[in-house]
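**Student:** Sequence:
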Amino acid sequence: MPKVSSAVQRVSALADVAVQGRFGADKGAPGVTLSVRHPMSIVTVIARKGRSDDLGKAIEAAYKCSLPAVGASTGKGAISFHWCGAEQYYAIAEGKAEGELYRDLKARLEGLASCSDQSHGRVILRVSGPKARTLLAKGTPIDLHPAAFGPGKSAVTQMAHVGVHLVQTGKDEFELSVFRGFSESFWEWLTEQSEEYGYQVL
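Numbered according to our numbering, the sequence shown spans residues 3 to 204.
Quick caveat, the hints were computed from the structure, so don't treat them as lab data.
Bear in mind that the values here come from a model prediction, so they are computed numbers and not experimental data.
Hints should not be assumed to be uniformly reliable.
[Unchecked claim] BS3-like cross-link-like pairs, simulated, lysine-lysine; straight-line CA separation at most 25 Å:
#, residue 1, residue 2
1, LYS78, LYS59
2, LYS173, LYS140
3, LYS98, LYS59
4, LYS29, LYS98
5, LYS29, LYS66
6, LYS155, LYS29
7, LYS66, LYS108
8, LYS140, LYS155
9, LYS108, LYS133
10, LYS29, LYS59
11, LYS51, LYS98
12, LYS66, LYS51
13, LYS155, LYS66
14, LYS140, LYS78
15, LYS78, LYS98
16, LYS29, LYS140
17, LYS66, LYS78
18, LYS133, LYS155
19, LYS108, LYS78
20, LYS133, LYS78
21, LYS78, LYS155
22, LYS140, LYS59
23, LYS98, LYS108
[As the list claims (entries may be wrong)] Between beta-carbon pairs, the in silico distance windows are:
#, residue 1, residue 2, range
24, ASP55, LYS173, 31 to 37 Å
25, TRP191, ARG24, 15 to 21 Å
26, PRO132, GLY101, 37 to 43 Å
27, ALA139, ILE48, 18 to 24 Å
28, VAL21, ALA88, 20 to 26 Å
29, GLU194, GLY73, 25 to 31 Å
30, ALA63, GLY23, 32 to 38 Å
31, SER54, GLN22, 21 to 27 Å
32, LYS78, HIS40, 19 to 25 Å
33, GLY165, SER68, 23 to 29 Å
We treat Cβ as the ideally placed atom computed from N, Cα and C, and that holds for glycine.
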């Protein structure tokens, strides 16, 4: 009988769609760079009633960073926390084994928060470049002017009729998290809207 590996191989929902290359307007450097962050560990953390302060203390003790305020993000090392609703957060990490982040959070936050592993259910896209902000402004009512939305900001919005969690991670760098089932149609919208600037897929 053949030996079956117990390791779970997670395949990106956009593996056959996000083709690497240079597309759109071809004059000069691309205005937008697109990539898929995969694989990522994503866990929703929702504070239990009346335990928000205790949850914040537990996160700080375990991960050496505070929980983010409304509309903000925090992080330390390989893990980051993004606000995504009233006393709700996304914990995101790279380089973790399958289910490792979920098990760690569930054990450390027992009685303080409800945790749900979203690693298979969401896709994280990275959008960067000098035209990244202009591109994203096409699809969201959020004020993305640098004076209003800068690095460390986090928001829940809609783009192209798809629910999106938006985080600014750098001067011209953003990350967008969408449900896996909508990721392909959202990618099509994103690339179509990027064509006028010229875009690179990494």
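**Student:** Now tell me if each hint is right for this structure.
**Tutor:** Quick rundown of the hints versus the structure:
A distance of roughly 15 Å separates the Cα atoms of LYS78 and LYS59; the hinted pair therefore holds under the 25 Å criterion. A hinted pair counts as satisfied when its Cα atoms are at most 25 Å apart, and LYS173 with LYS140 qualifies at roughly 18 Å. Between LYS98 and LYS59 the alpha-carbon distance is near 23 Å, which keeps this suggested pair within the 25 Å criterion. A C-alpha spacing of about 40 Å is found between LYS29 and LYS98, which places the hinted pair above 25 Å, so the restraint is violated.
Note on LYS29 and LYS66: the hinted pairing is violated, with a Cα-Cα distance of about 45 Å set against a maximum of 25 Å. A C-alpha spacing of about 32 Å is found between LYS155 and LYS29, which places the hinted pair above 25 Å, so the restraint is violated. Note on LYS66 and LYS108: the hinted pairing holds, with a Cα-Cα distance of about 17 Å set against a maximum of 25 Å. Among the hinted pairs, LYS140 with LYS155 is consistent with the structure: their alpha-carbon atoms are about 18 Å apart, no more than 25 Å.
Under the criterion of a C-alpha separation no larger than 25 Å, the hint pairing LYS108 with LYS133 is inconsistent with the structure, at around 39 Å. At roughly 51 Å between alpha-carbon atoms, LYS29 and LYS59 are farther apart than 25 Å, so this suggested pair is violated. Note on LYS51 and LYS98: the hinted pairing is violated, with a Cα-Cα distance of about 29 Å set against a maximum of 25 Å. For the given pair, LYS66 sits about 23 Å from LYS51 by alpha-carbon distance, which is consistent with the 25 Å threshold.
Proximity of LYS155 to LYS66 is assessed by CA-CA distance (about 19 Å); at most 25 Å being required, the pair is judged to hold. For the proposed pair LYS140 and LYS78, the alpha carbon gap of about 32 Å is over 25 Å, so the pair is violated. For a cut-off of 25 Å, the pair hint linking LYS78 to LYS98 stands: about 15 Å separates their Cα positions. Under the criterion of a C-alpha separation no larger than 25 Å, the hint pairing LYS29 with LYS140 is consistent with the structure, at around 22 Å.
Among the hinted pairs, LYS66 with LYS78 is consistent with the structure: their alpha-carbon atoms are about 7 Å apart, no more than 25 Å. For the hint pairing LYS133 with LYS155, the CA-to-CA distance comes to about 18 Å; that is within 25 Å, so the pair holds. The straight-line distance between the Cα atoms of LYS108 and LYS78 is roughly 19 Å, inside the 25 Å bound, and the hint therefore holds. A hinted pair counts as satisfied when its Cα atoms are at most 25 Å apart, and LYS133 with LYS78 does not qualify at roughly 28 Å.
A threshold of 25 Å between alpha carbons decides the hint, and for LYS78 with LYS155 the separation of about 16 Å falls inside it, so the pair holds. Between LYS140 and LYS59 the CA atoms are separated by roughly 39 Å; this puts the pair beyond 25 Å, and the hint is violated. Using a Cα cut-off of 25 Å, the hinted pair LYS98 and LYS108 holds, with the two alpha carbons roughly 15 Å apart. In this structure the supplied range 31 to 37 Å holds for ASP55 paired with LYS173, their Cβ-Cβ distance being about 33 Å.
Against the hinted window of 15 to 21 Å, the Cβ-Cβ separation of TRP191 and ARG24 comes to about 19 Å, which satisfies the hint. Roughly 38 Å separates the CB atoms of PRO132 and GLY101, a value that falls within the hinted 37 to 43 Å. At roughly 30 Å, the beta carbons of ALA139 and ILE48 sit outside the given window of 18 to 24 Å. Taking the beta carbon of each, VAL21 and ALA88 are about 39 Å apart, not inside 20 to 26 Å as hinted.
Taking 25 to 31 Å as the suggested C-beta distance range, the pair GLU194 and GLY73 conforms, at roughly 29 Å. A hinted range of 32 to 38 Å for the beta carbons of ALA63 and GLY23 is inconsistent with their spacing of about 46 Å. For the hinted restraint 21 to 27 Å between SER54 and GLN22, the CB-CB distance of approximately 43 Å leaves it violated. In this structure, LYS78 and HIS40 meet the distance hint of 19 to 25 Å, their C-beta atoms being roughly 22 Å apart.
In this structure the hint that GLY165 and SER68 lie 23 to 29 Å apart at CB holds, the actual value being about 26 Å.
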